[in-house]
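Q: These are the residues of each chain, in order.
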Amino acid sequence: MTTKYAKLVDTTRCNGCRACMVACKNWNDLPVDPEEFKGSYQSHDKCGANTWNMLTFTEHVAEGNRFEWLFRHTACFHCTDAACVKVCPADAMHFTEFGTVNTNYDKCIGCGYCVQNCPFGIVELETHTDENGTEYELAQKCVMCVDRLREGDQPACVEICHMDALIYGEKADMEALAEERLAEIKERFPNANIYNPVGVEGTQTFYLLAEPPSVYGLPENPRVPLSATVWKDYAQPLGKAMLGVTTMAVIGGYISNKLFNKDDHGADEGEESNE
Amino acid sequence: MSSQQQTVKRFSKPVIIVHWINAVAFLALYITGLPLYTDFFSWMYGVFGGPENLRLLHRIFAVVFILPVFIILITDPKSFFHWIKQAFTWRKSDFQFFAKFPKEFFGGHVKDMPKQDFYNAGEKLNSIMQIVCAVILIGSGIVIWMPHLFSTGIIQWAYPLHNIGFGLAAAVVVGHVFLSCGHPNSKISMQGMTKGDVPVDYAKDHHGKWYDELVAKGEIKEAPKKKDKGA
Ligand code: SF4
Ligand code: SF4
Ligand code: SF4
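Chains as they are written, first to last, in our numbering: chain A, 1 to 275; chain B, 1 to 231.
Hints were generated in silico from the structure; no laboratory data involved. There may be inaccurate statements among the hints.
Computed cross-link-like contacts, DSSO-like style, restricted to lysine-lysine with a CA-CA straight-line distance of at most 27 angstroms [as the list claims (entries may be wrong)]:
1) Lys92(B) - Lys115(B)
2) Lys92(B) - Lys258(A)
3) Lys217(B) - Lys78(B)
4) Lys258(A) - Lys204(B)
Taking the hints into account, I'd like the entire structure generated from these sequences.
A: Set out below in structure tokens:
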């Protein structure tokens, strides 16, 4: 197994400056996604095809009637057991040598299976127009700046973060760091926890949260949807096998008829009546 | 042997037409769906001018696939309901059919096949399977086509259901196609679905009960017993 790399998001250090959002748009050449003002500091509802990371702002009343802003940098989780990779029929969603999940735009057929099955609602389709004016769709999401990783650089958001709230490195090291920091902040944030959900065998973007996941609007136990497992691990292979078996029976039937069924009535009747 | 040429009407024009519309649509849906089933067929995107075109074609043929039900309900509802009723009526003779069938399938001759209905047990099974598959495929297909009308859970289950319906239907169709144009003993039944009539002898051999009904109604005269099979 190759070494996994991960991005630790320490929400307790984040001050909501959104430099990471800007850095991401900048590096990945993503157009702006203008949004209406919705009465909150939060800019977008969620990640989208052109907004690969964003900050959620949650107003929270913590113990002792203490008002808190909870900031969370959110992006693709890069699940170890990634639903998007599982359901993609074109092999466009794939794992990289870093253990992250990348999209291959040359292979993507815009079917949207990944959109419907991501347990975090991260990936989205974007409509593009080619030089002939034909429209086509592509699935887009955070790719952990895989091009930068291959050059030995850090993801753009990690590099820009001045609060040390985003840290990238070998997964094992990041997990150790998360534990270390958790111990440090336990007193100030008694509900603090590490969010690296086991239901999807851990994620390569994982969190040190100040409050329980649900407070941030995160699923407590995200998993690859059961329907996706039934579909890809059972129905599809079974269907292929069944098709194979029926075809074999037909071929077998055809051959044995040629061998043994010399006086078949269907053909005979035709011949006789011609005489 | 002129009595051999005596034929009896089996399927009406509307039945034949909708059957073939349905068959062509199924084949087209099958082909346009293949690359989504396994990327072994992804070269087809090139042939059809990209995934968008293939998706559009799949949806056009989906409509063509559903259309026959409405056409037949308008033009010949009697045949339609007769088919549905027969497909879901199972008697002892239908179950016995399957005990004898394998021998016939692999080229043997079954002398004591119990008398079969207008639709024999094999055709009934085929009909039921196709109806079930169609319901699964159309239901899940609508969800996949118009996901904004449904909740995430339903959309997520529509995919495996569409997949299961596809695998099942394809397997059934392979059998059905072979039995109607590949297997020598059923070859003549094809005539029923093309010209609309079949030789009286065929009706007697393969659909004994139907033949008896026809005789009882006086629509055909009892065929003279002059030719022994295989003699
Ligand atoms: S750059 Fe760092 S501190 Fe600023 S919003 Fe992003 S994660 Fe938070
Ligand atoms: S968060 Fe969603 S898009 Fe990202 S790897 Fe997991 S399943 Fe795929
Ligand atoms: S939209 Fe693209 S990436 Fe997503 S499942 Fe379909 S082919 Fe794969």
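Q: Work down the list of hints and note, for each, if the structure agrees.
A: Outcome of the hint check:
1. Lys92(B) - Lys115(B): Holds: Lys92(B) and Lys115(B) sit about 10 angstroms apart, inside 27 angstroms.
2. Lys92(B) - Lys258(A): violated (31 angstroms)
3. Lys217(B) - Lys78(B): This hinted pair holds, its Cα atoms lying about 18 angstroms apart.
4. Lys258(A) - Lys204(B): It holds: about 25 angstroms lies between the C-alpha atoms, which stays within 27 angstroms.
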